[in-house]
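*Asks:* Model the full structure from these sequences, guided by the hints.
Here the protein sequences come in this chain order: A and B. For what it's worth, this note's numbering labels the leading residue of the first sequence as 1, then goes sequentially. For what it's worth, this note's numbering labels the leading residue of the second sequence as 1001, then goes sequentially.
Honestly, the hints are just simulated from the structure, not real lab data. Remember, it's a predicted structure, so these values are computed and weren't measured experimentally. If a hint is listed, it holds; no wrong ones were tucked in.
Covered stretches of chain B, going by a simulated chain A footprint (3 or more residues, C-beta under 8 Å):
# : region
1 : 1016–1026
2 : 1061–1070
Label pairs and their computed distance ranges (CB to CB):
#  : chain 1 : residue 1 : chain 2 : residue 2 : range
3  : A       : Ala170    : B       : Glu1044   : 56 to 64 Å
4  : B       : Glu1044   : A       : Trp30     : 35 to 43 Å
5  : B       : Glu1033   : A       : Ala210    : 47 to 55 Å
6  : B       : Tyr1006   : A       : Leu107    : 17 to 25 Å
7  : B       : Glu1079   : A       : Gly78     : 48 to 56 Å
8  : B       : Ala1026   : A       : Gln77     : 52 to 60 Å
9  : A       : Gly106    : B       : Glu1079   : 37 to 45 Å
10 : B       : Val1032   : A       : Pro66     : 44 to 52 Å
Built from N, CA and C at the ideal position, the CB exists for glycine as well.
So you can see what is in the structure, the chains are spelled out below.
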Amino acid sequence: MKIGVVVFPGSNCDRDAHGAVVRAGQQAVWLWHGSAELEGVEAIILPGGFSYGDYLRTGAIARFSPIMEAVRRFAAQGGPVLGICNGFQILCEAGLLPGALLRNAGLRFVSRPVYLRVETADTPFTRACARGQVLRMPVAHGEGNYFADVATLAALEREHRVVFRYTDAAGNVTAGANPNGSRANIAGICNRERNVVGLMPHPERAIEPALGSEDGLALFHSLTLASAAIGA
Amino acid sequence: MQVRVYVALKKTVLDPQGQAIQAALARQGHAVEAVRQGKFFELELAADTAEAARQEAETIARDVLSNPVIEEFRVVLPEAESQ
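*Replies:* What follows is the structure in structure tokens.
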């Protein structure tokens, strides 16, 4: 499977994402932000970093880059898109996912391992997971405080579109497990069609034991499972 | 024509930066009950009329300078401010 990793000016997790794809046994190619050419990829990853220096708002400038028009068309046709950290912020700014990422409630940049509970296996990036499974991987962000209005939050819950929630190691949703003040401990969500997923934690930084966890590999392995499983 | 755009978090969105500033001001003895932090932009527009400038600035503010999910904006023309 050929998976594209978008490189924005200021991306700094692009190589890690590329490495994670390769470690999952797939082919990774770079997609340049200034080009609208997707080179026949079957999935797209928007990596973490500080695209365009986080100027204006996180992800706000990246959303207008030529590659994002192509990503928008790819997503509209059902292509799987994963936004990690800054990639999640870009997807929200682009309107491909609802809500926004605010400054962390504690005002600190948070960089530490967290536990995530998989809330749905019904996305292209969680098929290899079980609902309720707890994954360990790092977060590293200053603006990861997920916000959406009450109606949007209710729709996300009703349609099972919360993909990951911050929990303790046992999978309990607690205030202490929430690193940034996100509503309902939300760490990741998907769109209504379920092919676009965004999360703040970094699965690409948890792909081998030397990194402290290899739980993140599940997201990349999921992509390779038959898409027929979607909706099952 | 110069147009000013003010962007701030909606009242319904928690502003922890504003709260931190308010707390620091209170510690210094200032009787400040609340602080909201926002952004300020000066746009130099090549518009012929004030109304055209306002419309252009409102489009820019809505589509780019603010995120309508969390922020609200205000467009101010120079003559309005000098009144």
